[in-house]
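Here the sequence shown is numbered in this note's numbering, starting from 14 and rising by one per residue.
By construction, these hints were calculated from the structure, which means they are not laboratory data. Computed from a prediction, not measured in an experiment: that's the story for all the values here. Do not take every clue at face value.
Pairs of lysine-lysine residues, derived as BS3-like cross-links and limited to a Cα-Cα distance of at most 30 Å, are as follows [as the list claims (entries may be wrong)]:
1. Lys90 / Lys32
2. Lys80 / Lys90
3. Lys32 / Lys83
4. Lys32 / Lys80
Taking CB as the label site, the calculated pair distances span [claimed, not checked]:
5. Phe61 / Glu26: 25 to 35 Å
6. Ala63 / Leu41: 17 to 27 Å
7. Glu26 / Ala66: 34 to 44 Å
Just so it is clear, CB atoms sit at the ideal spot from N, CA and C, and this is done for glycine as well.
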Amino acid sequence: MNNRPLNGMTIEELQTNRKTALVVTWMLTIMLIILLGMGIYTSVTKGFSALMAIPFALSPIAILNFKRIKEINEELKIRGAQ
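Please construct the entire structure, taking both the sequences and the accompanying hints into account.
Right, here's the structure in full:
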């Protein structure tokens, strides 16, 4: 994803970044939920595994991406392009 400041991007760049971030973030979120479910299932059937920590360790990435999407939406709203 682009690390440039939002006020330095064009409306088209903001919309493209928003769309890309939404797709990638939702894919990551779904995969983390699946991984958590698999970890719970494995823990119940075979005992606790250290792999249960992975969804919790990677969840801040999704949180930061959702925060970035919110910032992009706010910038687009300020510009009146949403």
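Okay, the hints, checked on the actual structure:
1. Lys90 / Lys32: holds (15 Å)
2. Lys80 / Lys90: Holds. Lysine 80 to lysine 90 sits at ~15 Å (cutoff 30 Å).
3. Lys32 / Lys83: holds (12 Å)
4. Lys32 / Lys80: Since the Cα atoms of lysine 32 and lysine 80 sit roughly 14 Å apart, the hinted pair holds (cutoff 30 Å).
5. Phe61 / Glu26: 25 to 35 Å: Violated - the Cβ-Cβ distance for phenylalanine 61 and glutamate 26, about 46 Å, lies outside 25 to 35 Å.
6. Ala63 / Leu41: 17 to 27 Å: holds (21 Å)
7. Glu26 / Ala66: 34 to 44 Å: holds (36 Å)
Checked against the numbered hints above, the structure breaks only hint 5 and satisfies the rest.
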